[in-house]
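FYI, the numbering for the sequence shown is 425 to 677, going by the working numbering.
I should point out that these hints are in silico values taken from the structure, not numbers from a laboratory. It is possible that some hints are incorrect.
[Stated by the list, open to error] No more than 25 Å apart at the CA atoms, straight line, and that leaves these computed lysine to any residue pairs for SDA-like: (1) Lys-673 with Ile-483; (2) Lys-426 with Lys-673; (3) Lys-598 with Val-472; (4) Lys-602 with Tyr-649; (5) Lys-602 with Ile-483; (6) Lys-602 with Ala-622; (7) Lys-673 with Ala-616; (8) Lys-673 with Leu-480; (9) Lys-673 with Gly-446; (10) Lys-598 with Leu-480; (11) Lys-598 with Gly-445; (12) Lys-673 with Asp-527; (13) Lys-673 with Pro-656; (14) Lys-673 with Glu-460; (15) Lys-598 with Ile-483; (16) Lys-598 with Val-465; (17) Lys-426 with Glu-569; (18) Lys-426 with Gly-445; (19) Lys-602 with Pro-631; (20) Lys-602 with Leu-479; (21) Lys-673 with Leu-459; (22) Lys-426 with Asp-457; (23) Lys-602 with Lys-426; (24) Lys-598 with Asp-527; (25) Lys-602 with Phe-442; (26) Lys-673 with Ala-622; (27) Lys-602 with Gln-667; (28) Lys-602 with Ala-582; (29) Lys-598 with Tyr-476; (30) Lys-426 with Arg-537.
[Claimed, not checked] Simulated restraints on C-beta separations: (31) Tyr-574 with Ala-505: 55 to 61 Å; (32) Val-581 with Thr-652: 47 to 53 Å; (33) Glu-551 with Asn-447: 44 to 50 Å; (34) Asp-579 with Leu-492: 38 to 44 Å; (35) Asn-626 with Arg-437: 28 to 34 Å; (36) Val-629 with Gly-522: 46 to 52 Å; (37) Glu-511 with Lys-673: 44 to 50 Å; (38) Tyr-574 with Ala-622: 26 to 32 Å; (39) Thr-652 with Gly-499: 54 to 60 Å; (40) Gln-541 with Arg-437: 37 to 43 Å.
No residue lacks a Cβ here, since even glycine has one placed at the ideal position from N, Cα and C.
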Amino acid sequence: VKAVSTYRGRDPRDFALFAFGGNGPVVAAAIADLLEMTTVVVPPNPGVFSAYGLLLSDIEQEAARSHLAQLSETGPAALGALYRELETGLAADMAAEGYAAGDYALRRLAELRYEGQAHELAVPVPEGPDGLPDTAAMASAFGAEHERTYGHRADAVAVESVTLRAVATVAVDKPAPKPKPGGATARSARPAFFGAAAGRPNVPVVPREALTAAPRGGPLIVEEYDATCVVPPGWTARLDAAQNIVLEKGGAK
425 VKAVSTYRGR DPRDFALFAF GGNGPVVAAA IADLLEMTTV VVPPNPGVFS
475 AYGLLLSDIE QEAARSHLAQ LSETGPAALG ALYRELETGL AADMAAEGYA
525 AGDYALRRLA ELRYEGQAHE LAVPVPEGPD GLPDTAAMAS AFGAEHERTY
575 GHRADAVAVE SVTLRAVATV AVDKPAPKPK PGGATARSAR PAFFGAAAGR
625 PNVPVVPREA LTAAPRGGPL IVEEYDATCV VPPGWTARLD AAQNIVLEKG
675 GAK
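Take the sequences, apply the hints, and build the full model.
Spelled out as structure tokens, the structure:
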């Protein structure tokens with residue numbers, strides 16, 4: 425979690441923890457507590473979520489090339505020519521997979537950094553009125569992303585490109601979530617240990633279908649075919665419109 429939050433200048437308390445896998449929802453609320461996060465999201469079919477995502481992910485092809493130079497020295501025309509070269513190769517790759525030019529969307533990204541830095545940030549490449557990359561807007565977008573990520577920017581320092589990237593994306597239709605009838609009764613109950621303060625209460629064990637849009641207070645164990653979700657004392661569980669289980673710290677009982 426730290427690798428994608430604090431190490432990148434982002435406060436985990438500003439985000440929800442996304443829990444998947446067969447065991448992820450078992451420990452998610454406990455991990456969220458350690459990080460002072462107050463929301464956990466458990467998707468439908470969490471135990472096979474990676475496979476499910478593979479089936480529903482958009483189809484993408486990328487082409488990239490190194491280009492170490494200051495933005496101010498490259499110029500829009502030269503930069504545009506480099507991107508067109510990448511896109512020509514992408515078009516050939518997409519055609520080999522059976523996609524015509526109208527079947528996919530193209531976007532351009534640039535991995536930029538301040539001169540003297542060792543790490544880059546990726547930003548979209550805006551176009552000017554002439555249809556060429558707007559290098560001034562690129563530098564401004566990088567400064568904004570640097571400030572969002574690290575809390576500061578250095579507009580007086582030269583911005584240099586490191587990698588140019590073109591991406592072709594074929595959008596895949598996503599099926600709408602199918603709500604299941606809520607209100608199922610508890611399957612059973614079992615003792616569960618939540619620390620010395622909470623002891624070993626007898627905890628209801630319910631199917632996912634037992635949850636509704638109304639928050640249900642923990643302690644609670646939600647069992648399904650491919651995963652188990654633990655709702656500790658002090659947390660609530662509910663279903664959102666996409667059929668995700670949403671755990672909230674200190675939510676309505």
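Now for the hints, and whether the structure bears them out:
{"no.": "1", "hint": "Lys-673 with Ile-483", "in the structure": "violated, 37 Å"}
{"no.": "2", "hint": "Lys-426 with Lys-673", "in the structure": "holds, 20 Å"}
{"no.": "3", "hint": "Lys-598 with Val-472", "in the structure": "holds, 17 Å"}
{"no.": "4", "hint": "Lys-602 with Tyr-649", "in the structure": "holds, 17 Å"}
{"no.": "5", "hint": "Lys-602 with Ile-483", "in the structure": "holds, 24 Å"}
{"no.": "6", "hint": "Lys-602 with Ala-622", "in the structure": "violated, 36 Å"}
{"no.": "7", "hint": "Lys-673 with Ala-616", "in the structure": "holds, 19 Å"}
{"no.": "8", "hint": "Lys-673 with Leu-480", "in the structure": "violated, 31 Å"}
{"no.": "9", "hint": "Lys-673 with Gly-446", "in the structure": "holds, 22 Å"}
{"no.": "10", "hint": "Lys-598 with Leu-480", "in the structure": "holds, 6 Å"}
{"no.": "11", "hint": "Lys-598 with Gly-445", "in the structure": "holds, 21 Å"}
{"no.": "12", "hint": "Lys-673 with Asp-527", "in the structure": "violated, 44 Å"}
{"no.": "13", "hint": "Lys-673 with Pro-656", "in the structure": "holds, 9 Å"}
{"no.": "14", "hint": "Lys-673 with Glu-460", "in the structure": "holds, 9 Å"}
{"no.": "15", "hint": "Lys-598 with Ile-483", "in the structure": "holds, 13 Å"}
{"no.": "16", "hint": "Lys-598 with Val-465", "in the structure": "holds, 19 Å"}
{"no.": "17", "hint": "Lys-426 with Glu-569", "in the structure": "holds, 19 Å"}
{"no.": "18", "hint": "Lys-426 with Gly-445", "in the structure": "holds, 19 Å"}
{"no.": "19", "hint": "Lys-602 with Pro-631", "in the structure": "holds, 16 Å"}
{"no.": "20", "hint": "Lys-602 with Leu-479", "in the structure": "holds, 17 Å"}
{"no.": "21", "hint": "Lys-673 with Leu-459", "in the structure": "holds, 12 Å"}
{"no.": "22", "hint": "Lys-426 with Asp-457", "in the structure": "holds, 14 Å"}
{"no.": "23", "hint": "Lys-602 with Lys-426", "in the structure": "violated, 34 Å"}
{"no.": "24", "hint": "Lys-598 with Asp-527", "in the structure": "holds, 17 Å"}
{"no.": "25", "hint": "Lys-602 with Phe-442", "in the structure": "holds, 20 Å"}
{"no.": "26", "hint": "Lys-673 with Ala-622", "in the structure": "holds, 16 Å"}
{"no.": "27", "hint": "Lys-602 with Gln-667", "in the structure": "holds, 8 Å"}
{"no.": "28", "hint": "Lys-602 with Ala-582", "in the structure": "violated, 51 Å"}
{"no.": "29", "hint": "Lys-598 with Tyr-476", "in the structure": "holds, 11 Å"}
{"no.": "30", "hint": "Lys-426 with Arg-537", "in the structure": "holds, 22 Å"}
{"no.": "31", "hint": "Tyr-574 with Ala-505: 55 to 61 Å", "in the structure": "violated, 32 Å"}
{"no.": "32", "hint": "Val-581 with Thr-652: 47 to 53 Å", "in the structure": "holds, 51 Å"}
{"no.": "33", "hint": "Glu-551 with Asn-447: 44 to 50 Å", "in the structure": "holds, 46 Å"}
{"no.": "34", "hint": "Asp-579 with Leu-492: 38 to 44 Å", "in the structure": "violated, 21 Å"}
{"no.": "35", "hint": "Asn-626 with Arg-437: 28 to 34 Å", "in the structure": "holds, 32 Å"}
{"no.": "36", "hint": "Val-629 with Gly-522: 46 to 52 Å", "in the structure": "holds, 48 Å"}
{"no.": "37", "hint": "Glu-511 with Lys-673: 44 to 50 Å", "in the structure": "holds, 47 Å"}
{"no.": "38", "hint": "Tyr-574 with Ala-622: 26 to 32 Å", "in the structure": "violated, 39 Å"}
{"no.": "39", "hint": "Thr-652 with Gly-499: 54 to 60 Å", "in the structure": "holds, 58 Å"}
{"no.": "40", "hint": "Gln-541 with Arg-437: 37 to 43 Å", "in the structure": "violated, 27 Å"}
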